[in-house]
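Go by the hints and put chain C onto chain E.
From first to last, the protein sequence lines are chains E and C.
Letter by letter, the first sequence follows residues 98 to 352 in this note's numbering.
Letter by letter, the second sequence follows residues 1012 to 1261 in this note's numbering.
Some hints here could point you the wrong way.
[Said to hold, decoys possible] Some chain E residues near chain C, calculated using beta-carbon distances under 8 Å: (1) Pro111; (2) Met184; (3) Gln190; (4) Arg206.
[Stated by the list, open to error] Taking lysine to any residue pairs in the SDA-like style, the calculated list, with each CA pair at most 25 Å apart, reads: (5) Lys123(E) with Gly240(E); (6) Lys123(E) with Cys162(E); (7) Lys215(E) with Arg1173(C); (8) Lys215(E) with Leu345(E); (9) Lys215(E) with Pro1158(C); (10) Lys123(E) with Pro135(E); (11) Lys215(E) with Trp194(E); (12) Lys123(E) with Gly137(E); (13) Lys215(E) with Thr332(E); (14) Lys215(E) with Gly240(E); (15) Lys123(E) with Pro1158(C); (16) Lys215(E) with Gly1168(C).
I should point out that these hints are in silico values taken from the structure, not numbers from a laboratory.
Glycine included, C-beta positions come from ideal geometry on N, C-alpha and C.
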Amino acid sequence: MEHGAFADWRMTAPAIHLAGVLQGAKATLIDLFDITLPGGEWSVLLGPSGVGKTSLLRLLAGLPCAARLHGQITAEDGAHLAPRVTMMAQDDQLLPWAGALENVTIAARLRGERPDPKRAEALLAEVGLGSEADRRPAELSAGQRQRVALARTLYEGRDIVLLDEPFSALDVVTRHQMQGLAARLLAGRTVVLITHDPAEALRLANHAWIVARRGISPCALPSPPPPRRIDAPDTLAAQADLLRRMGLTFPDKAA
Amino acid sequence: MPFTGHRVWRGAVSFGLAVAVWQLVVTLSGVPRFILPGPWLVLQALGANATLLWQNALWSAGNLALGLGVGVFLGIETALLLTLSRHARWLLRPMLVVAQAVPVFALAPVITLWLGYGMPSKIVTIALVTYFPIASSLFDRLMALPPGLGDLSRLAGASRWRETLLLRLPHAVPGLISGLRLAVVYGPLAVLIGEWVGSSRGLGHLMLMANGRGQTAMMFAALMVLAALSLMLWVIVEALARWAARRFYT
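Chain C extracted, bound-state conformation:
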């Protein structure tokens, strides 16, 4: 059997192949380095600007963590509020539905206009972009209690509050997980867009600067760091998903 082995090995082979193709394209086509630098040049840029990249990555990651935290927290609160209150549901559910169709990213310039170039505008943009997927996918699942469990709750004479806490919430954990999966994809995008729109720090800012000076390798290096950041978040959410699967729906 040729296609076996540990997943780390598989990952290495898969990415090794991609990098090789990249190098091959660069070598064979002879594109200038300011259009497409080869992997080796990107690695060199990464090494030469390690401190700069690290400092700006920390800034972006800090914003990302805070924004995600706020978005996830508010998303969970909203989903719970809508589940518990019929009036809140009546008033806010249409907004939640419509917000799905609106590209919230488009608000980044407005938010920057209102809150300035600093941290607050980034946190608000990230929170806004992660809030809706969390709120709506958790809420959908909170409202989709299996009929059997609904009967159980009704026969027991449970209050809406206890029904939500003891039945709906554990049942909705997969909804929260799929919301988180979306949030960690949107989050880094929101950081980037927020910093592109206006910022004096962060990986997005570095990319803009590098782009303006024709330092394409540096741009790629910043992109790599952001990808690594996204990957870290993804690993965390996947670990959380595995734990939740064991705990809530084996």
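Chain E on its own, in the form it takes in the complex:
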């Protein structure tokens, strides 16, 4: 391997145990749940907007959050979660005044570490932006900005990666490409993706759950491993099934 061994993450990326009740300011957001997100694989939490998925992810990351968890979040190997976590959000969170390369190394510089431009360049090349290292975010497309954010996430070398709908603002083709790229480059880490899009869940998940107010319940997934073809018949059938479970009725009665 050129930089870092993927095998290392497979060995160390821990499973995460989430249990309790997620309490909002006024009401319960998610009632009693108890799930284990397996180590080294993609776990997808699927649910409508406003259900508390982002709060859950922020709690996982140790970030400030309006909701409170009465329960616990633990790594199965017993070590602290916070220093092993990195996150990618829907908003790319890039520094508008810095070039792509500087954006990739920002976290290291924030910690006072000497940045490694060679490694950052290699990661930019890996996400397909090898010749874009000096470009500012404003000079990049939305898809390219998320690629920079992905390279920044990879640069951190953490074994738990939290994805907060990072592809949902992208156009459909770009989103598909980004999903494939993320699936390849994050393989072997414990990835937690939250999304409201069943198609995305089916494309990327090793394991998936539906998040609702009454709790978090597991979903059955088609047998081929992710990233799955979105046009495969069993993927499409599973998608219809998930939509039904999220409250849609067929044929559409709304019209």
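Chain C in isolation, oriented as in the chain E frame:
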């Protein structure tokens, strides 16, 4: 298209029109020259007193540059200190807020009383008047880090110091620029007021003298020189703003 052309041309037309209206008002109303001199008389006064105006303008500009320098420097330091230290914030933030509502110009007589008629009282007045807009507009922006960047900093485990240096400060550059924009408007005013309150040199002093002797054209000439000085500062800040826009928030 009638309204096109270079901005210098546009400026010339715009000001030419203003001067023409000025002359027209003077000619048509027949006001005496010690009430409102026409532009031509002002120009004559400007030419006749060029050396005097130049020497006093240099004095005022020197005070202005020093006062602005001190005010901007202390303003930036204060904003940074308040950003970095929670205790400093607790103690000093109310003062920064209240100072916005107090006309700091009103302190000029007191400052002159304490520091005399010379340069120090002018520098302190200018510094004081420019300090607050710089400090507060930079500080507001330093404290308004976008939540996404705050998450980034927290996930990285950054210290407050590095977060300020690498994220908050570049993000706050527009705040500094808007503070500077205010400072270069207040600065020349502070020079004038400082010199009106008590001084033996400078454009404000010249204006008082000219006023006392009924040399209204001379008063206008001094005013023109001060306006030119302000305009120069404005041009510098606008150039800085354009550079900052390219560098920090394209």
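Evaluation of the provided hints:
{"no.": "1", "hint": "Pro111", "in the structure": "violated, 17 Å"}
{"no.": "2", "hint": "Met184", "in the structure": "holds, 6 Å"}
{"no.": "3", "hint": "Gln190", "in the structure": "holds, 4 Å"}
{"no.": "4", "hint": "Arg206", "in the structure": "holds, 6 Å"}
{"no.": "5", "hint": "Lys123(E) with Gly240(E)", "in the structure": "violated, 37 Å"}
{"no.": "6", "hint": "Lys123(E) with Cys162(E)", "in the structure": "holds, 14 Å"}
{"no.": "7", "hint": "Lys215(E) with Arg1173(C)", "in the structure": "holds, 23 Å"}
{"no.": "8", "hint": "Lys215(E) with Leu345(E)", "in the structure": "violated, 49 Å"}
{"no.": "9", "hint": "Lys215(E) with Pro1158(C)", "in the structure": "violated, 29 Å"}
{"no.": "10", "hint": "Lys123(E) with Pro135(E)", "in the structure": "violated, 32 Å"}
{"no.": "11", "hint": "Lys215(E) with Trp194(E)", "in the structure": "holds, 21 Å"}
{"no.": "12", "hint": "Lys123(E) with Gly137(E)", "in the structure": "violated, 36 Å"}
{"no.": "13", "hint": "Lys215(E) with Thr332(E)", "in the structure": "violated, 40 Å"}
{"no.": "14", "hint": "Lys215(E) with Gly240(E)", "in the structure": "holds, 23 Å"}
{"no.": "15", "hint": "Lys123(E) with Pro1158(C)", "in the structure": "holds, 23 Å"}
{"no.": "16", "hint": "Lys215(E) with Gly1168(C)", "in the structure": "holds, 23 Å"}
Against the hints set out earlier in the document, violations occur for numbers 1, 5, 8, 9, 10, 12 and 13.
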